[in-house]
Amino acid sequence: MEVTLLGAGDTTGTPTVGCDCDTCERAAERGVERTRFSVHVRNERTGETLLIDLSPDFRHQLLREGFEAPDAAVVTHIHFDHLHGAGNVFRLTRELPTHAPDSVDPVTGESVAETVRDQYDYLDALAVRGETPFEPFEAAGLEVTLVPVDHPPLDCYGVRVVDPETGATFAFSGDTTYDISADSREVLRGADLLFADGIVHHEFTEHHPRGGDDHDEDDVPRTFGTKHMTIHGAKRLAEDLNADRYRLVHVSHFVPADRAFEDPLAVDGERYTI
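Count the sequence shown with the working numbering and you get residues 576 to 849, in order.
Derived from the structure by calculation, the hints contain no laboratory data.
Please note that a few of the clues may not be correct.
[Claimed, not checked] Estimated spans, in silico, between C-beta atoms of each pair:
(1) T668 <-> E713: 15 to 21 Å
(2) D693 <-> E792: 32 to 38 Å
(3) R620 <-> G641: 19 to 25 Å
[Claimed, not checked] Pairs of lysine to any residue, SDA-like flavour, derived with a Cα cap of 25 Å:
(4) K810 <-> G765
(5) K810 <-> R846
(6) K810 <-> P831
(7) K810 <-> P784
(8) K810 <-> G742
(9) K810 <-> R639
(10) K810 <-> R834
(11) K810 <-> E577
(12) K810 <-> E761
(13) K810 <-> H776
(14) K810 <-> E781
(15) K810 <-> G786
(16) K810 <-> R764
(17) K810 <-> A743
(18) K810 <-> D791
(19) K810 <-> D789
(20) K810 <-> I849
(21) K810 <-> T587
(22) K810 <-> P839
(23) K810 <-> T780
(24) K810 <-> S756
(25) K810 <-> D793
(26) K810 <-> H654
(27) K810 <-> A832
(28) K810 <-> D788
(29) K810 <-> R760
(30) K810 <-> Y847
(31) K810 <-> H783
(32) K810 <-> G844
(33) K810 <-> F779
(34) K810 <-> E740
(35) K810 <-> T848
(36) K810 <-> D794
All C-beta atoms in this analysis are idealised placements derived from N, C-alpha and C, irrespective of residue type, glycine included.
Taking the hints into account, I'd like the entire structure generated from these sequences.
Shown next as structure tokens:
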């Protein structure tokens, strides 16, 4: 299984449009980006490819990496930066099986799958398939499982992808706080490669109206506000889940420039074979 991180950034990306902060300037100087989140997974046994989340930067990302249209897609939730690149599917491929959770979100009154189907009903190529959380399904010749995580107010899901023949395993925490249920953690546990959501360092929680939460034994917050993990929290999650390797994604430009590009903070284009 070959895993390419197409987009390592949060909803504004880095560099952020019109921003002259040190981090955005440092990214430009280095020639690196953190575009909106998406992951490309190639099944090297069959040649099939799976796209996890349909970033608004989807077109740019595929062109940058020299990839063709994917054979299947998974949508983890309905926020702009994870879904609204779907329009790029138009005239790109004849059919894109698009898997999304079928559980009804009490806020929207419909499932993620239904929302995707409704919002993109004009895209004949987007074949939306509802999937039940915790129940594995097949996509691009790989075994995929969606698990609920914590990203209020809307439902959001983490992803586990397994090659059924080799056992190679990739996991993505989803956009989430540190407060992931034990059942979901069990599914995500033990991956060869984990991408975990870490948006800022824990010191930055003082700038959020809700501060930080999920404090550890040293009173360091593992959650930033109400929707994402701190970098500290993402590292702790990776350790809790016993990931063989991990990278932090959904990284914002609010990370100080002197720490913004240090390990394990990911940038676009990182590629791993597992």
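Okay, the hints, checked on the actual structure:
1. A beta carbon spacing of about 19 Å between T668 and E713 agrees with the range 15 to 21 Å that was offered as a hint.
2. Checking the proposed 32 to 38 Å range against D693 and E792 shows it is violated: the Cβ atoms sit about 45 Å from each other.
3. At roughly 21 Å, the beta-carbon separation of R620 and G641 lies within the given 19 to 25 Å, and the hint holds.
4. Between K810 and G765, the direct Cα distance comes to roughly 14 Å. Compliance with the 25 Å bound is thereby established for this hinted pair.
5. With a C-alpha separation of about 20 Å, the suggested pairing of K810 with R846 holds against the 25 Å cut-off.
6. For the given pair, K810 sits about 18 Å from P831 by alpha-carbon distance, which is consistent with the 25 Å threshold.
7. Simply put, K810 and P784 have alpha-carbon atoms about 23 Å apart, close enough for the 25 Å limit, and the pair holds.
8. About 24 Å separates the Cα atoms of K810 and G742, which keeps this hinted pair within 25 Å; it holds.
9. Using a Cα cut-off of 25 Å, the hinted pair K810 and R639 is violated, with the two alpha carbons roughly 29 Å apart.
10. Distance check on the hinted pair: K810 and R834 sit about 15 Å apart at the alpha-carbon level, within 25 Å; holds.
11. At most 25 Å may separate the alpha-carbon atoms for a hinted pair to count; K810 and E577 meet this at roughly 23 Å.
12. Pair hint K810 plus E761 holds up; C-alpha atoms about 17 Å apart against a cutoff of 25 Å.
13. Only pairs whose Cα atoms come within 25 Å are accepted, and K810 paired with H776 is accepted, the gap being roughly 11 Å.
14. Taking the CA atoms of K810 and E781, the gap is about 20 Å. The hint holds against a cut of 25 Å.
15. The straight-line distance between the Cα atoms of K810 and G786 is roughly 19 Å, inside the 25 Å bound, and the hint therefore holds.
16. Only pairs whose Cα atoms come within 25 Å are accepted, and K810 paired with R764 is accepted, the gap being roughly 14 Å.
17. For the suggested pair K810 and A743, the alpha carbons sit about 21 Å apart, so the restraint of at most 25 Å is met.
18. With a C-alpha separation of about 12 Å, the suggested pairing of K810 with D791 holds against the 25 Å cut-off.
19. Our distance criterion of 25 Å between C-alpha atoms is met by K810 and D789, whose separation comes to about 13 Å.
20. Between the alpha carbons of K810 and I849 the distance comes to roughly 20 Å, so the proposed pair stays at or under 25 Å and holds.
21. Distance restraint check for K810 and T587: the Cα-Cα separation of roughly 23 Å lies within the 25 Å cut-off, and the hinted pair is therefore satisfied.
22. In summary, the hint linking K810 to P839 is supported, as the alpha carbons are separated by about 9 Å, within the 25 Å threshold.
23. Distance check on the hinted pair: K810 and T780 sit about 16 Å apart at the alpha-carbon level, within 25 Å; holds.
24. About 17 Å separates the Cα atoms of K810 and S756, which keeps this hinted pair within 25 Å; it holds.
25. For the suggested pair K810 and D793, the alpha carbons sit about 15 Å apart, so the restraint of at most 25 Å is met.
26. Our distance criterion of 25 Å between C-alpha atoms is met by K810 and H654, whose separation comes to about 24 Å.
27. Pair hint K810 plus A832 holds up; C-alpha atoms about 19 Å apart against a cutoff of 25 Å.
28. Between the alpha carbons of K810 and D788 the distance comes to roughly 15 Å, so the proposed pair stays at or under 25 Å and holds.
29. With a C-alpha separation of about 14 Å, the suggested pair K810 and R760 falls inside the 25 Å cut-off, and the hint holds.
30. Distance hint between K810 and Y847 is fulfilled; the C-alpha atoms sit about 19 Å from each other, no more than 25 Å.
31. The suggested pairing of K810 with H783 holds, with an alpha-carbon distance near 20 Å, which does not exceed 25 Å.
32. Note on K810 and G844: the hinted pairing holds, with a Cα-Cα distance of about 21 Å set against a maximum of 25 Å.
33. A threshold of 25 Å between alpha carbons decides the hint, and for K810 with F779 the separation of about 16 Å falls inside it, so the pair holds.
34. Of the supplied pair hints, the one linking K810 and E740 is violated, its CA atoms being roughly 29 Å apart against a limit of 25 Å.
35. About 21 Å separates the Cα atoms of K810 and T848, which keeps this hinted pair within 25 Å; it holds.
36. Note on K810 and D794: the hinted pairing holds, with a Cα-Cα distance of about 15 Å set against a maximum of 25 Å.
The structure does not agree with the numbered hints 2, 9 and 34 stated previously, though it agrees with the rest.
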